[in-house]
Amino acid sequence: MKDACVVAGGQSKWGYRDATLIELFQEAGKACFEDNPHIKPADIDGILVASACSERLSRQTHLAPMVAEYLGIKTSSVCARVELLCGSGSSAIILAAGMIKSGLSNTIMVIGGEKLFTPQRWETFYSQLGSVDHDWDGAQGLGLPPSLLSIVFQRHAALYGTTEEQLAAISVKNRRNGLNNPKGQFRKEITLQDAMTAKPVAAPLKLYDCCPITDGAAAVILTSGEAAKDFTDKPLVKIIGTAQATESNSISNRGNWTTWNALKTAASRAYSKAGITADDVDVAQTHDCFTISEVIEYEDLGFCEKGEGGIFAEKGLSDFGGKVAVNTDGGLLSCGHPFGGTGIRQAIEIAKQLKGDANHQVEGAKYGLTHNFSGAIVAHTILIYGRD
Amino acid sequence: MENQFNNLYSVILDTYPMEGKQLTKIWKFFEYLKEGRLTTTKCIKCGKVSYPPRILCPECLSEELEWIDLPTKGTVEYFTELKAGVPVGFEKPLIHAYIKLSDSFDILSKIVGIKSIDDIHRGDKVKLKVFDVPPIPAEIGRDKISIDRVYFAFELDN
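Chains G and S supply the protein sequences, listed in that same order. For what it's worth, our numbering labels the leading residue of the first sequence as 2, then goes sequentially. For what it's worth, our numbering labels the leading residue of the second sequence as 7, then goes sequentially.
It is possible that some hints are incorrect.
Claimed, not checked - Below are the DSSO-like pairs computed for lysine-lysine, each with C-alpha atoms no more than 30 angstroms apart in a straight line: (1) S:K89 to G:K200; (2) G:K265 to S:K106; (3) G:K102 to G:K367; (4) G:K200 to S:K121; (5) G:K75 to G:K235; (6) S:K89 to G:K189.
Stated by the list, open to error - Incomplete in silico selection of chain S near chain G, CB under 10 angstroms: (7) V94; (8) F96; (9) I101; (10) V139.
To be verified - The following label-pair restraints were derived from C-beta to C-beta distances: (11) G:K235 to S:R128: 51 to 57 angstroms; (12) S:G147 to G:E227: 57 to 63 angstroms; (13) G:N262 to S:G129: 23 to 29 angstroms; (14) S:P141 to G:M197: 45 to 51 angstroms; (15) S:K131 to G:E70: 55 to 61 angstroms; (16) G:L193 to S:T81: 32 to 38 angstroms; (17) G:P236 to S:C66: 47 to 53 angstroms; (18) G:P120 to S:S108: 43 to 49 angstroms.
Quick caveat, the hints were computed from the structure, so don't treat them as lab data. Owing to the predicted nature of the structure, the values given are computational and were not obtained by experimental measurement. Ideal placement from N, C-alpha and C gives every residue a C-beta, glycine not left out.
Modelling step: build the complete structure from the supplied sequences, incorporating the hints.
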């Protein structure tokens, strides 16, 4: 079995953008090629495009050959779109890694993103009624999940005493980390008081507890270990463990609300494939679509004990210099969240951290992890990266 | 309903299910709902109760299912109001509650009939509320028919 290595990565500017979906993909593709001038479009034999909303919001299907054409790529091994809502980008990386490890592809561009302001934001809220079980949860008005996460937080608080101040500590940390990221949506520091006094979105969750609506795209190029040596002299960043777990989909069928068992299943499998434990992870980009998500992710990824996620954040153990630096590029809370782009943005930051090239470097980082959940906290997708 | 889309460019997503026996095999759910009953399917072979209702048992893959009644009254355990991003077609305040309907069945449902989040509390009793939603203008072969629809939420049970 071959190694699958990340040899280039780049993204468009994320935020409220003056560009169409296909233009965002062109910006991301260009940034990705610029990141590694040794790789040309002619070196790419496969493309996987991650996008969840292209039909609803850009009236465009059959996206992969279109993106390939705009980037001057002619494929011969794989050319397809991958969709798992917020986990679309990471899913595409997992599939690309499988193609490369097996030898079915040599070099694949994985590119993902969304155009969510089209041009009015309401359409995204409305279209997401189709991202949960449309007939049962969508019809109750439960599309994008602030209400669901509000109830998750209320239950976590009742069981473990997690506080709104602890959530605010995560918004402050991720906003601070985002200051270093020129491509992110928000580059403005906030104080604990800003976070605590912000207007409610789904009480007790407030504005800074929630990631924004974002336009943007991101791209990475994956190739085999042998080919990677032709493209780069830097330490090789390899995908060493992956997992994707689900238990149920409808909200009525979810098991435990405060321990995400599918996340524990995915973490256990990904660590085992990578031959590491949670203690070995130096840097992680987890799915901080809401601050309470990051709390439960610390716990169920094994960075701290169950119920201690709030304290973990409050003590700075998920910050630079702590136990594991989490969302070092600002996470979804600062960068924004164009669904199909998010997992790829996470991969870019982890690759930079492992090569020693990050804007804010975790010294000596050897192992990095990315995590997404998608839907009504349904599917959990994890990738573990290691370097030579 | 049509008026809600005035002045919005015409990208419309139907927020309710396909109902009517011309369009879905679980049409009985909606017929029972019109009678004020909340129902679901139970597998005759293995006894597995599924919600939402199915045409195939996810436990044993049997297609021999029967309709059973679920409780229509329950207790509010948690609730919240969505203040930003209320989807078009949903009235404000959009309040959701996690409701315990029985020892084995919970539902996260919209709460209707209250003017403010201040009118709901943990431990409040709630009951099923069935309401009309816009009919489906369906094409069945060469015929154009209108299929009446209902949906449900919960309201305070005072």
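These are the hints, each one checked on the structure:
| no. | hint | verdict |
| --- | --- | --- |
| 1 | S:K89 to G:K200 | holds (9 angstroms) |
| 2 | G:K265 to S:K106 | holds (26 angstroms) |
| 3 | G:K102 to G:K367 | holds (21 angstroms) |
| 4 | G:K200 to S:K121 | holds (20 angstroms) |
| 5 | G:K75 to G:K235 | holds (27 angstroms) |
| 6 | S:K89 to G:K189 | holds (24 angstroms) |
| 7 | V94 | holds (5 angstroms) |
| 8 | F96 | holds (4 angstroms) |
| 9 | I101 | holds (9 angstroms) |
| 10 | V139 | holds (8 angstroms) |
| 11 | G:K235 to S:R128: 51 to 57 angstroms | holds (55 angstroms) |
| 12 | S:G147 to G:E227: 57 to 63 angstroms | holds (59 angstroms) |
| 13 | G:N262 to S:G129: 23 to 29 angstroms | holds (28 angstroms) |
| 14 | S:P141 to G:M197: 45 to 51 angstroms | holds (47 angstroms) |
| 15 | S:K131 to G:E70: 55 to 61 angstroms | holds (60 angstroms) |
| 16 | G:L193 to S:T81: 32 to 38 angstroms | holds (35 angstroms) |
| 17 | G:P236 to S:C66: 47 to 53 angstroms | holds (51 angstroms) |
| 18 | G:P120 to S:S108: 43 to 49 angstroms | holds (46 angstroms) |
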